[in-house]
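**Student:** Fit chain B to the supplied structure of chain A, relying on the hints for placement.
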Amino acid sequence: MNSPTTFEVYIIILAGISITLILAMCIIFMVIFHRQKQLKNKQQVALLQAEYEHTILRVEKEMQEQTLEYIGQELHDNIGQMLSLAKLNLNQGGPEQVFESKKLLTQAIKEVRSLSKALNLSWIEGIGVKDFIEKELEKIEKTGFCQTKLEYDTPLDDLPQDHKLVLARLTQECLNNAIKHAQPSLLKIKIESSQDNMQLEISDDGLGFDTSQASQGMGLHHIESRMKSIGGKAQIDSFPGRGTSIKLILPN
Amino acid sequence: MDLYNTFIFISFLITIPVFFLKKNNYEPIHRLFFFIIGLVLILEMTGYYLKIRSINNSLLYNIAFVYIESLLILLYFTLISEDAKFRKAVRFSMLGFILWGIANTLFFQDITSVFHTYSYSIISLIIIGCCVKFFIDVILQGQYENQNIFGIPHIWIVSGILIFYSSTAIYFSSIQVLYEMNKELFLNLRAVVRFLSATSYLIFAFSFYTPYIFKEKTIASRR
Numbered sequence: 009m010n011s012p013t014t015f016e017v018y019i020i021i022l023a024g025i026s027i028t029l030i031l032a033m034c035i036i037f038m039v040i041f042h043r044q045k046q047l048k049n050k051q052q053v054a055l056l057q058a059e060y061e062h063t064i065l066r067v068e069k070e071m072q073e074q075t076l077e078y079i080g081q082e083l084h085d086n087i088g089q090m091l092s093l094a095k096l097n098l099n100q101g102g103p104e105q106v107f108e109s110k111k112l113l114t115q116a117i118k119e120v121r122s123l124s125k126a127l128n129l130s131w132i133e134g135i136g137v138k139d140f141i142e143k144e145l146e147k148i149e150k151t152g153f154c155q156t157k158l159e160y161d162t163p164l165d166d167l168p169q170d171h172k173l174v175l176a177r178l179t180q181e182c183l184n185n186a187i188k189h190a191q192p193s194l195l196k197i198k199i200e201s202s203q204d205n206m207q208l209e210i211s212d213d214g215l216g217f218d219t220s221q222a223s224q225g226m227g228l229h230h231i232e233s234r235m236k237s238i239g240g241k242a243q244i245d246s247f248p249g250r251g252t253s254i255k256l257i258l259p260n
Numbered sequence: 068m069d070l071y072n073t074f075i076f077i078s079f080l081i082t083i084p085v086f087f088l089k090k091n092n093y094e095p096i097h098r099l100f101f102f103i104i105g106l107v108l109i110l111e112m113t114g115y116y117l118k119i120r121s122i123n124n125s126l127l128y129n130i131a132f133v134y135i136e137s138l139l140i141l142l143y144f145t146l147i148s149e150d151a152k153f154r155k156a157v158r159f160s161m162l163g164f165i166l167w168g169i170a171n172t173l174f175f176q177d178i179t180s181v182f183h184t185y186s187y188s189i190i191s192l193i194i195i196g197c198c199v200k201f202f203i204d205v206i207l208q209g210q211y212e213n214q215n216i217f218g219i220p221h222i223w224i225v226s227g228i229l230i231f232y233s234s235t236a237i238y239f240s241s242i243q244v245l246y247e248m249n250k251e252l253f254l255n256l257r258a259v260v261r262f263l264s265a266t267s268y269l270i271f272a273f274s275f276y277t278p279y280i281f282k283e284k285t286i287a288s289r290r
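Note that the protein sequences, when read in sequence, are chains A and B.
With the first sequence counted from 1, adding 8 to any position gets you this note's numbering.
With the second sequence counted from 1, adding 67 to any position gets you this note's numbering.
It is possible that part of the hints are untrue.
[What the hints assert, rightly or not] Distance condition first, Cα-Cα at most 30 Å in a straight line; then the derived BS3-like pairs of lysine-lysine:
1) B:K152 x A:K45
2) A:K111 x A:K69
3) A:K48 x B:K90
4) B:K118 x A:K50
5) B:K250 x A:K50
6) A:K48 x B:K282
7) B:K155 x A:K48
8) B:K282 x A:K45
Hints were generated in silico from the structure; no laboratory data involved.
Just chain A, same shape as in the assembly (with noise of 0.2 Å):
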């Protein structure tokens, strides 16, 4: 075998010294490259962050004014009627409408305390989701609006507070829109809870609605994006005249 000349050695070494300076340059800007995918990545979790913690915080706001509304209603339509029914009667002054006022009096007391009770928030810590949504369903049949129902296999009283919350609001507001639009004889709030997940299902016997309407199309984005947020989503049944059928899920 002949031995390599002058120039072979002078080729091995200069692409030698090429080799290893672009398998240099290759560790370096992969280093970098990586690092600032790592950068961006933290980034986006950040910015996930902040937008659950918008979510959170724009749920609480919703939850007080809708409280606040509630209890403006029951002072103006409830304890306010009270209050001028007890001071009509004990104008009168004989004892029985004396006796009639103190048992109205009596009641509006009773009503104030439960007020105080719903304004508030914290109170969702102590409890689950099953009892606020009880009381709200309590506060429907009260008015006389439908028939309510509901089912469960679970309180949902051990689920992290922004969950609870995102979940008590989303619930209220279904309520709410079945009211508003679908004009049911039956509400029904069904709970169960599975190895995988959680389910809470609210359902009407309403008007329905074509889920492909841009109109409602926002609405239904906006439980699917609140879902999201807190890890579950959001199944939205129904059709016209056949009800609605709202499935929040979230995994255990």
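**Tutor:** Just chain B now, with coordinates in the frame of chain A:
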């Protein structure tokens, strides 16, 4: 002064204004690299002077380039690493390298007349290993997390070191053979190596401006 020395001189000049900029965490490293580039400038100027007077400059290059500069670069890695075990290993390598240098001088390669190719090959591998360890820490240990990577001088400096030592290891390890084979081809290769070398020193010098150019953005941590 030839073009190569001019570039080293420029690199040296570039490092000076950093002393007057707003202080940051990179001050000790800047002082170290100011010293390294200054050392290289004196080395290359003296080497050039000895060469034009036809005096063998091997002793100068062996002591200043193969041993002192390499040890200073290893010292740099001990200053920037957060891994105590790694720092200890590098310090042992530095000690081992000094002992090897003495043994090489006494038994294998005369320090006054021959370039210490064995020592250079060994130290190149150690330095390349340190560079790889640094990059692994950046990726896997999340070093400089939440910072703009381009605004960290260490990234530029270690990149410069890796480029220089990985690509020139072959050249310096075979420098004796090359020199004896063909002078013209040797000079061609030397030009390539000098280009890489000058680029590295410019990178070192410019790296201390990167925190001011690429602001070290941090991601506001929530909660």
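**Student:** Can you list which hints this structure breaks, lowest number first?
**Tutor:** As far as the earlier hints go, 2, 4, 5 and 7 are violated by this structure, in ascending order.
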